[in-house]
Amino acid sequence: MKKNMMLLLLMMVLPMSLRAEIPERIEETMYVVVGYDGNDYGAITFTKEDANSLFLLADETSFISVKKHLVYWWPITEDWRVDSSVLDINLDGTLEITDRKGNLQLVEPVAYTYFNLKGTYDNNWQVLTGQEALAEWERYMTISSTYQRKLQAYEVLQQEYEGKIFTLFEQYMEAQDMQLPTDTIEEAMKSLVAPVKPIDNSPYATAPSYIQMGYPVNLPQGDYQIRFLLRDGSVLEGTEKILTVFSGRRSNSVGYTITASDRWTQPRQSTSPRSVVYVDGSVDLYLQGHYQNEYQDLHYNKLIDNQSSGNPSIYRWVNIQQIPNTVLEVQGKGEVQHLQMQQYGITQSSSSTSGYQIVTVDETLNSDAVMVQKKAFHLPVQQINQRTEIELIDDSGKRIADSRREVRIVTGLRYEWMAFVMIAIPLVVSMIVISLRKRRLSS
Amino acid sequence: MARKTLIIYLVSACVVLFVAIAVAIPFLTRTTTLTFKVMESVGESWVWDFEAKIQNKTVTGYFQSDRGPKTYQFTNLKSGNSTLTVTAPSYRSVEIPVQLKKGNNTIPVPIVMDAYEIEGLAKFFAFEQKVEDGWDISLRAATSEHAAILYHPPLDIRLYVQVYSWNRNDQSDWDKLLAEQSLYYGQIPWSWDTTLESQFRYVAHLDYSLLARQTVSACTIKYLILIRDPDKTTPELFEDTAKKLDSMRNIDQALAYLDQQAPTIPYYTDISWDVAK
Chain R
7 MKKNMMLLLL MMVLPMSLRA EIPERIEETM YVVVGYDGND YGAITFTKED ANSLFLLADE
67 TSFISVKKHL VYWWPITEDW RVDSSVLDIN LDGTLEITDR KGNLQLVEPV AYTYFNLKGT
127 YDNNWQVLTG QEALAEWERY MTISSTYQRK LQAYEVLQQE YEGKIFTLFE QYMEAQDMQL
187 PTDTIEEAMK SLVAPVKPID NSPYATAPSY IQMGYPVNLP QGDYQIRFLL RDGSVLEGTE
247 KILTVFSGRR SNSVGYTITA SDRWTQPRQS TSPRSVVYVD GSVDLYLQGH YQNEYQDLHY
307 NKLIDNQSSG NPSIYRWVNI QQIPNTVLEV QGKGEVQHLQ MQQYGITQSS SSTSGYQIVT
367 VDETLNSDAV MVQKKAFHLP VQQINQRTEI ELIDDSGKRI ADSRREVRIV TGLRYEWMAF
427 VMIAIPLVVS MIVISLRKRR LSS
Chain Y
27 MARKTLIIYL VSACVVLFVA IAVAIPFLTR TTTLTFKVME SVGESWVWDF EAKIQNKTVT
87 GYFQSDRGPK TYQFTNLKSG NSTLTVTAPS YRSVEIPVQL KKGNNTIPVP IVMDAYEIEG
147 LAKFFAFEQK VEDGWDISLR AATSEHAAIL YHPPLDIRLY VQVYSWNRND QSDWDKLLAE
207 QSLYYGQIPW SWDTTLESQF RYVAHLDYSL LARQTVSACT IKYLILIRDP DKTTPELFED
267 TAKKLDSMRN IDQALAYLDQ QAPTIPYYTD ISWDVAK
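Line by line, the protein sequences give chains R and Y. When we follow my numbering, the leftmost residue of the first sequence carries the number 7, and every step to the right adds one. When we follow my numbering, the leftmost residue of the second sequence carries the number 27, and every step to the right adds one.
Note that these hints are calculated values from the structure, not bench results. Since the model is a prediction, treat every value here as computed from it, not as a measurement. Backbone N, C-alpha and C fix where the C-beta goes; we use that ideal spot for every residue, glycine too. This list has only true hints and no planted wrong ones.
Taking lysine-lysine pairs in the DSSO-like style, the calculated list, with each CA pair at most 27 Å apart, reads: (1) R:Lys247 - Y:Lys104; (2) Y:Lys79 - R:Lys54; (3) Y:Lys63 - R:Lys54; (4) R:Lys107 - Y:Lys104.
So the derived label-pair ranges between C-beta atoms look like this: (5) R:Asn10 - Y:Ala244: 51 to 59 Å; (6) R:Glu84 - Y:Asn102: 28 to 36 Å; (7) R:Ser215 - Y:Asn102: 29 to 37 Å; (8) R:Ser278 - Y:Lys104: 47 to 55 Å; (9) Y:Thr101 - R:Ile205: 53 to 61 Å; (10) R:Ser215 - Y:Ala173: 27 to 35 Å; (11) Y:Asp75 - R:Ser278: 53 to 61 Å; (12) Y:Asn102 - R:Glu114: 18 to 26 Å; (13) Y:Ala48 - R:Asp303: 31 to 39 Å; (14) R:Ile28 - Y:Ala48: 39 to 47 Å; (15) R:Ile28 - Y:Ala173: 28 to 36 Å; (16) R:Arg274 - Y:Asp75: 48 to 56 Å; (17) R:Met147 - Y:Pro256: 44 to 52 Å.
Given the sequences, and given the hints that come with them, work out the whole structure.
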């Protein structure tokens, strides 16, 4: 008992001497890449000094800058991280890119910004450089500050309104207590008009990124040598690398994002035109057709994060953009239906069976209260047969290639008793054989 | 028999040749590299914004690392004789002839750079922070417009303080700094703070135990900072002057001595009124 207590005490005391290991930060010369990943400018990564290559998408404008930052190893996620809070040096010079034939391209730095405009669908990314970038930033600042001013004025009016309501309410309660007439107070309350919250008319779905200096790179597919020349013409050590510019093996194929109504935030993907969509036939489906490109796994992973690994012999589909202006043709047993796309979302549900309910978002609904919205085709469970075929048709009536899928309901076993019979046969045969042998031996 | 022997010899020769080629290829195709370290002479720490150049290649350096100077490397150099040049603002350049052999080359000792100025320095401001046993003092180099000078190199300095007891209700007034209220005069040690996050790096500590009286609630501290200008003052003269100042009774005497006897040594003064103890 005493021994156990000592052991327990030791176990409690020992961790107190442990200290968190503070990672060492080391200065490195790096390329910081703001790369277009097919969807947006989400491929923001950096190359460590010992990395020998960087990756970009072909025929898309990406931006590279050459920086000095501190890096440190983060053991929890097992990767190198950048600390730019203490050291953030943007090196000035010329980016030299040489293709395999020896053709040289010198790239000078430009001011740039990128932003996503509001539209029918998610991705309307724009990139501007130089004076255009500066002008766009000015425009954004003007729009933003105008809206902020309107919002502030609205909040002042709203406070005044609430103050007046409160005062009248107090007067009303007082009058009621004293059994005085309240008609005039009620009239005054009714005549008060609540201020209208200003609408954010900003054209941006994602605001322009702050103006940065970078080297714009837009190259056809291929491998290039890249290095950075300082203003005195010397090569900056640690910048000589291979630039791999890649494109999709297959482009503009059609994939589907399939959301079952009971798993709104966990959609599935149907990427291959030959694939079958298996469902259990118990819930409605919400389908979104999108263009997709197929990239080499290693290249795409490296584009997103230069430290990551990947398999160079396998390819993966990447969702690019929802296909605009289409209807979904659904063909079950004979009858053909055309579904229109609509905006759906979820709201908090008071039901005990489900935490949310799916609603159609339209002008009558306060869209602020609707979460996880998606523009999709609603395929009710009643319209899904044992074998249902779906296909997208564009606004000119043309069928969109690679968009045909078969939706099949997976049913349970029909002849369960057959399985039991199959299991029982060897047992019965064994019993017969054993009893026959016993009988023979006993005789 | 002779044929068989010949075949054995031939096969053996082929094997030896194959092994020799396999060993020689990586040896012959290895690149020439040069590794080195750079540090400043006073704090043996990083040199802000240095450029090391050799054979039209450049390495730049700033903070290096949390744990002191980092090892830098030039790659893909041509073997033969070359000169490595290291320059940095406010530091004397260093030129090192190197004979590069194929493969890895290393400069065995760190390249030490001497600073010669704090560019734009016109004033030092002293800031005290009360700690358990005294004050932690940071000295902030500033321009004539009182703008802080960041990332300046460490020059050798000597720091003198004179501490007066102070009535917290009094207004700042030089006439109230009476000799009989002086609690301490003397040199205090300083250090160069290499922590990357620090903005101001000359730091010192003034211990309460140095004060003649411990019962005061506040003090006024006069500062005298001597800087060694490597172009005008030798280390010996700087040290001798410091010893002279150590033997004096107050900062006013020290200032008079510096003006008359050591005009080549630049100095800066500051005062902090009503420093809570």
